[in-house]
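Hey, can you work out the whole structure from these sequences and the hints?
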Amino acid sequence: MPIQYYIYLALTLFTIGIIGVLTRRNAIIIFMCIELMLNAVNLLLVAFSKMHNGIALVTNKDSMVGIDAQLFVFFIMVVAAAEVSVGLAIIVMMYRNTHSIDVNFLNRLKN
1 MPIQYYIYLA LTLFTIGIIG VLTRRNAIII FMCIELMLNA VNLLLVAFSK MHNGIALVTN
61 KDSMVGIDAQ LFVFFIMVVA AAEVSVGLAI IVMMYRNTHS IDVNFLNRLK N
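Anchor point for the sequence shown: position 94 equals 94 in our numbering, and the numbering is continuous, going up by one each time.
Derived by calculation from the structure, the hints in this document are not laboratory data.
There are no misleading hints in this set.
Cβ pair distances, simulated, as ranges:
id: 1; residue 1: Gly-54; residue 2: Phe-75; range: 15 to 25 Å
id: 2; residue 1: Leu-106; residue 2: Lys-61; range: 51 to 61 Å
id: 3; residue 1: Lys-61; residue 2: Met-1; range: 16 to 26 Å
id: 4; residue 1: Asn-104; residue 2: Val-41; range: 23 to 33 Å
id: 5; residue 1: Thr-15; residue 2: Phe-48; range: 11 to 21 Å
id: 6; residue 1: Leu-106; residue 2: Leu-71; range: 32 to 42 Å
id: 7; residue 1: Val-79; residue 2: Ile-28; range: 15 to 25 Å
id: 8; residue 1: Thr-98; residue 2: Leu-22; range: 18 to 28 Å
Where a beta carbon is used, it is the ideal one built from N, C-alpha and C, also for glycine.
Printed below as a string of structure tokens:
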């Protein structure tokens, strides 16, 4: 499959994530859109890693070139899992204190 398909899919997912973060008020939806943007970046990293590894395998059958991006994806997923646990804990505490998960309501708490 050509690399352009992966780029278009990742661009679409990232755009949906940005639009969701900028237009939504619900903290859980915003949180899900941030995760969507992270997964779009992961998709691009794996696609470019596969392309780079395929080019390197043509010249040398034992080449491990291009595998580094897949390791970065693994670490991004680990950090995203930690982010989910901390972010959901913050959202739950916000709901317990304000009985709302509307992020505009938090601006009123400053005054």
